[in-house]
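Student: Got chain A sorted already, so can you dock chain B onto it with the hints?
If you want the building blocks of each chain, they are given just below.
Protein chains: 2
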Amino acid sequence: MGGDHAPRVEVEGAILAVRELGVRVLLVGQEAAVRAELAKHKVRDLPIDVVNAADVITMTDSPSQAFRRKKESSLHVAARLVRDGQADALVSAGNTGAAMTVARFVIGTLPSVDRPALAAAFPNMKEKISVILDVGANVDSKPAHLEQFAVMGEIYYRAIWGVKRPRVAVLSIGEEEAKGNELTKEASARLKQLPLNFVGNVEGRDVFRGNVDVVVCDGFIGNIALKLSEGLVEHIGGMLKKAIKSSLTSQIGYALSKRAFDDFRKRTDYSETGGAPLLGVRGITVIGHGRSNPNAIKNAIRVASELCRARVNEKIEQELSSAAAVPARG
Amino acid sequence: MGGDHAPRVEVEGAILAVRELGVRVLLVGQEAAVRAELAKHKVRDLPIDVVNAADVITMTDSPSQAFRRKKESSLHVAARLVRDGQADALVSAGNTGAAMTVARFVIGTLPSVDRPALAAAFPNMKEKISVILDVGANVDSKPAHLEQFAVMGEIYYRAIWGVKRPRVAVLSIGEEEAKGNELTKEASARLKQLPLNFVGNVEGRDVFRGNVDVVVCDGFIGNIALKLSEGLVEHIGGMLKKAIKSSLTSQIGYALSKRAFDDFRKRTDYSETGGAPLLGVRGITVIGHGRSNPNAIKNAIRVASELCRARVNEKIEQELSSAAAVPARG
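From first to last, the protein sequence lines are chains A and B.
Residues 1191 to 1520 in the numbering used here are what the first sequence lists, from first letter to last.
Residues 1191 to 1520 in the numbering used here are what the second sequence lists, from first letter to last.
Hints listed in this document are in silico derivations from the structure and should not be mistaken for laboratory results.
All the given hints hold, so there is nothing to weed out.
A pair counts as met if it fits within one copy or between any two copies, since identical chains are not told apart.
Result set (EDC-like, lysine to aspartate or glutamate): computed pairs, CA atoms no more than 16 Å apart in a straight line: (1) Lys-1332 <-> Glu-1372; (2) Lys-1230 <-> Glu-1202; (3) Lys-1375 <-> Asp-1330; (4) Lys-1232 <-> Glu-1202; (5) Lys-1432 <-> Glu-1317.
Pulled out of the complex, with its shape left as it was, chain A reads as follows (with noise of 0.2 Å):
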């Protein structure tokens, strides 16, 4: 229900990933306005079942707030439902914040997560996707988060890009070990420890250039990391556009060379790459972009399902509680 534009989109993205994926949807929310978007597409024999959530969590709602006042809230419902077994994802396109911590809390984390990471994908040079975590769900990280937050993100590059050995850096200001700062020092000797593919430290530009699979760094900074391109992007897209009016021969020029604008836009547009992961809880969350269009939704499902298929959550608990060996915390 939070969406920018709930429940249209989320209704029309989960009958395009029934219909395509094969999934069964269940969709929580306010029943008579869910009911009324169903009703406007044949929906007859499709598995979508609806069920009532009271409450909506707007975009402007305190995270904590969300997660304490709104309890009939569309998203403390489907995580009970996850938490109960009768639902094996979460996918909301709503409040990020509220989504998270409605996450962690009410479906909890996994035994040997301390704290879960969300996951952007970011396209790259290569045609490839690199993953950058944690984007937003933790501040002031200690190197042994960065180092959970490295063995989650390599299994669900592998779950979700089919690689075999994601190749795994730490995000910092120069590729030389004796650059970057206290965190990144003492995450980077811990993850040489690691049986990770580990290529050592990247700088941001590598994010781009697609010399790396999965970069991780503290959530603070990823999170500045995803709103400045994200930020770049629309900045970039305004001035082409600009330029592109401000001659007619240009504009000429731009009826010519749509394909290769629309082929652009698609390309920078994050919500192709469906949403993103919140790792290390309980149950499969996969958190979408407020702005999601149907087929964002419907990408942001997908995503969910191969993380059920692949059997993520079991992989990183196993991973981390073996790891364990090697002392984590601190």
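Tutor: Same frame as chain A, but now just chain B:
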């Protein structure tokens, strides 16, 4: 001598600066190489002198080794000229780390400055500039450092862009005061006490939206933000080119929309904005990109000259020493 195309672009940029800005330039470097470049131009009557420097710091030299072992580098010789009052400003397009180290320790910092900060200019959607500092000089900054960055950045912004009350903000992960990490929360509390136009926290995307003029952050985050932006601009440029090459109609479109593309490139070309000043050093220091072209060198010299004329260092020292009534260390 340290830029990617040194000393050719430095010499050409200096000639442009002398002709267009009415400044005097000392070219510091291996004299024979510099004079050979100069000989390609008509410079007999121009106020350009050559000062010999035997050593060359390369882009791969570590800053500390370059500082200790190459005392006759163009950076060292130029820094000593500034320290001894024989030049007003140091401009370099060489190794950024070496330039920061040499400037800081040969020229020295202003008495009230704990750590100099590198300030980068980002073009924004309002066709103005947002300045971020620090983008690379300092990691693990304390709140008092961010406070000094704010004061220095505000004076710099006033001097170069002529805005009377620049809007100053802390880079964080949400506008709400409660959001952020320990550093930003404490820094925000301090900035509120200063006689600045402090507008609170901004997110990554605000840098490009143009609703803030000066953004302060720890150098680790600022450097990642800078490199990430450079990487993304490079990535988008590459995607556009590729998309356009892939179809004939869009090639024709490209020819017709070329002016728009050129305009776009120019506005995303950070070298246009003239290098990054290292604020807080006892002599004006401006560091350009290694890939600077002659125009970027000229712009860096222009910024250096404007900072001198605006007596930026005097103003920084004055404001910080009077703010020292407020306890500033910690």
